[in-house]
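Protein chains: 2
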Amino acid sequence: MGKVRVDLNVSLDGYATTTDQTPEDPFGQDWTRLTGPYVATRTFRERVLGQPGKGTTGMDDDYAKAYFEGIGAEVMGAGMFGLHEHPGDPDWQGWWGPNPPFGYPVWVLTHEVRPSLEMEGGTVFHFAQDSIEDVLAKAKEAAGDLDVRVGGGIRTARAYLAAGLVDRLHVGITPILLGRGESLWQDLRGLEAGYEVFSETAPSGVVHLTFSR
Amino acid sequence: MGKVRVDLNVSLDGYATTTDQTPEDPFGQDWTRLTGPYVATRTFRERVLGQPGKGTTGMDDDYAKAYFEGIGAEVMGAGMFGLHEHPGDPDWQGWWGPNPPFGYPVWVLTHEVRPSLEMEGGTVFHFAQDSIEDVLAKAKEAAGDLDVRVGGGIRTARAYLAAGLVDRLHVGITPILLGRGESLWQDLRGLEAGYEVFSETAPSGVVHLTFSR
Numbered sequence: 001m002g003k004v005r006v007d008l009n010v011s012l013d014g015y016a017t018t019t020d021q022t023p024e025d026p027f028g029q030d031w032t033r034l035t036g037p038y039v040a041t042r043t044f045r046e047r048v049l050g051q052p053g054k055g056t057t058g059m060d061d062d063y064a065k066a067y068f069e070g071i072g073a074e075v076m077g078a079g080m081f082g083l084h085e086h087p088g089d090p091d092w093q094g095w096w097g098p099n100p101p102f103g104y105p106v107w108v109l110t111h112e113v114r115p116s117l118e119m120e121g122g123t124v125f126h127f128a129q130d131s132i133e134d135v136l137a138k139a140k141e142a143a144g145d146l147d148v149r150v151g152g153g154i155r156t157a158r159a160y161l162a163a164g165l166v167d168r169l170h171v172g173i174t175p176i177l178l179g180r181g182e183s184l185w186q187d188l189r190g191l192e193a194g195y196e197v198f199s200e201t202a203p204s205g206v207v208h209l210t211f212s213r
Numbered sequence: 001m002g003k004v005r006v007d008l009n010v011s012l013d014g015y016a017t018t019t020d021q022t023p024e025d026p027f028g029q030d031w032t033r034l035t036g037p038y039v040a041t042r043t044f045r046e047r048v049l050g051q052p053g054k055g056t057t058g059m060d061d062d063y064a065k066a067y068f069e070g071i072g073a074e075v076m077g078a079g080m081f082g083l084h085e086h087p088g089d090p091d092w093q094g095w096w097g098p099n100p101p102f103g104y105p106v107w108v109l110t111h112e113v114r115p116s117l118e119m120e121g122g123t124v125f126h127f128a129q130d131s132i133e134d135v136l137a138k139a140k141e142a143a144g145d146l147d148v149r150v151g152g153g154i155r156t157a158r159a160y161l162a163a164g165l166v167d168r169l170h171v172g173i174t175p176i177l178l179g180r181g182e183s184l185w186q187d188l189r190g191l192e193a194g195y196e197v198f199s200e201t202a203p204s205g206v207v208h209l210t211f212s213r
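Chains as they are written, first to last, in UniProt numbering: chain Z, 1 to 213; chain C, 1 to 213.
In short, the hints are calculated from the structure, not lab data.
Think of the CB as a built atom: it goes at the ideal place given N, C-alpha and C, for glycine as much as any other residue.
Incorrect hints may appear among the rest.
Said to hold, decoys possible - To give a feel for the contact side, a few chain C residues facing chain Z, derived at Cβ under 8 Å:
#1 Lys3
#2 Asp13
#3 Gln129
#4 Pro175
#5 Ile176
#6 Leu177
#7 Glu182
#8 Leu188
#9 Glu200
#10 Val207
#11 Leu209
Stated by the list, open to error - Cβ pair distances, simulated, as ranges:
#12 C:Gly190 - Z:Ala159: 27 to 35 Å
#13 C:His84 - Z:Tyr195: 32 to 40 Å
#14 Z:Ala159 - C:Gly144: 49 to 57 Å
#15 Z:Gly103 - C:Asp62: 44 to 52 Å
#16 Z:Ser131 - C:Gly190: 33 to 41 Å
#17 Z:Phe68 - C:Ala137: 51 to 59 Å
#18 Z:Tyr195 - C:Gly58: 19 to 27 Å
#19 C:Gly144 - Z:Asp25: 44 to 52 Å
Between the sequences and the hints, there should be enough to build the whole structure, so can you do that?
Now the structure itself:
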């Protein structure tokens, strides 16, 4: 049986989202600072940016590699798929183009009833109106011996964490203070119970902290 | 010229105070969990508990030793001295008994006008109605080449941090989620600017993170 995994980048004050996006700078400087060491890794540049042979190696890259390994299915929130910006649009197929970087089935938690979308490269998007527990059960069944990722957004991740359904939480803590946004840690008092905690600091300054069971 | 230093224990979600105190358990379980690795060090047991030769050595103890070294004066809030519980009481001399563990002058930020208190062992408590900047200037002058500690509480520490007056902030981050209390990080967006950040993880699981300039 696989594990249920969450991986996130958060600031030292716990924020997983940023607030300084503008039309001219749609990611924002804070996002660049928050995710910089991850985006700079060889794995991210190869797997996501299509730039083979470039990027950093070492601890941040080891975590980036692990992020992509062993996943057989994913669950994500409606917002992450883009349904908040594109409600009721039958032509919307997500942010990732015709060949999304998943390569496995993805369940999108939404109140919208939509047919499944079969994309190139093995990704199939399913749209589920069930409880987070029932959707996870479907994803686990599809993943078989592989792991299930709870991909995001932050509220979806927090809901699965609060429900005790996550087996491994890895956070890359970037030592910056954002002061506002969505906090990963909100309403998760006592989460550590039942987990082993391990942490180490990369030369980039990112503290990699893992709760696992 | 000495540095201005702040040392605090915080939870992974940033809380520096705990909320589960009861008359039967005046420290509370959360405080024990938050400060456990620090209280267990050889330095804390020798210096604060009077138990020489006992306690842990290693990274947590190295930080505990550094905490006590090189301080020539301290600034603290009225609450830390006990003036919120003992307002207007001329007989109140702080929590620490006749021989407090400071051994140097301590300025207490308060609206109360009180005469200075000369204690055993070199500690003198001064009560200051000035701005945080002016009080710090007095403490710096008294400390000479040694450092000044901003001792606490958390609101006093945050006020000095927000005003850009702290040269070194060391936080021992205990990997537990308290979910409530006073957050160290509140309203400190961008604090990292102008600081070098260094972190490392002790075998106890505590992440020692230091902002210095």
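Verification of the supplied hints:
At a threshold of 8 Å, the smallest CB-CB gap from Lys3 (chain C) to chain Z is about 20 Å, leaving the interface hint violated. A hinted interface residue such as Asp13 (chain C) counts as satisfied when its beta carbon comes closer than 8 Å to some beta carbon of chain Z; here the least separation is about 4 Å, so the hint holds. Given hint, Gln129 (chain C) at the interface with chain Z, is violated; its Cβ is 30 Å from that chain's nearest Cβ, farther than 8 Å. For Pro175 (chain C), the interface hint holds, since its Cβ comes within 8 Å of a Cβ in chain Z; the closest pair sits about 4 Å apart.
The interface hint given for Ile176 (chain C) is met, as the beta carbon of that residue sits about 5 Å from the closest beta carbon of chain Z, less than 8 Å. This hint holds: Leu177 (chain C) has a C-beta 5 Å from the nearest C-beta of chain Z, less than the 8 Å allowed. The beta carbon of Glu182 (chain C) is not positioned within 8 Å of any beta carbon in chain Z (closest approach about 13 Å), and the interface hint is therefore violated. The beta carbon of Leu188 (chain C) comes within 5 Å of a beta carbon in chain Z, closer than 8 Å, and the hint placing it at the interface holds.
With a least beta-carbon distance of about 6 Å to chain Z, the hint placing Glu200 (chain C) at the interface is held under the 8 Å criterion. For Val207 (chain C), the shortest C-beta to C-beta distance to chain Z is roughly 6 Å, which falls under 8 Å, so the interface hint holds. The beta carbon of Leu209 (chain C) is positioned within 8 Å of a beta carbon in chain Z (closest approach about 7 Å), and the interface hint is therefore held. The hinted range of 27 to 35 Å is satisfied by Gly190 (chain C) and Ala159 (chain Z), whose Cβ atoms lie roughly 30 Å apart.
The given range of 32 to 40 Å is respected by His84 (chain C) and Tyr195 (chain Z), whose C-beta atoms sit roughly 37 Å from each other. Against the hinted window of 49 to 57 Å, the Cβ-Cβ separation of Ala159 (chain Z) and Gly144 (chain C) comes to about 55 Å, which satisfies the hint. Checking the proposed 44 to 52 Å range against Gly103 (chain Z) and Asp62 (chain C) shows it holds: the Cβ atoms sit about 47 Å from each other. In this structure, Ser131 (chain Z) and Gly190 (chain C) meet the distance hint of 33 to 41 Å, their C-beta atoms being roughly 40 Å apart.
As the Cβ distance of Phe68 (chain Z) to Ala137 (chain C) is approximately 54 Å, the hint placing it in 51 to 59 Å holds. Evaluation of the 19 to 27 Å hint for Tyr195 (chain Z) and Gly58 (chain C) yields a pass: the beta carbon distance comes to about 23 Å. Here the CB-CB span from Gly144 (chain C) to Asp25 (chain Z) is close to 48 Å, well matched to the stated 44 to 52 Å.
The structure does not agree with the numbered hints 1, 3, 7 stated previously, though it agrees with the rest.
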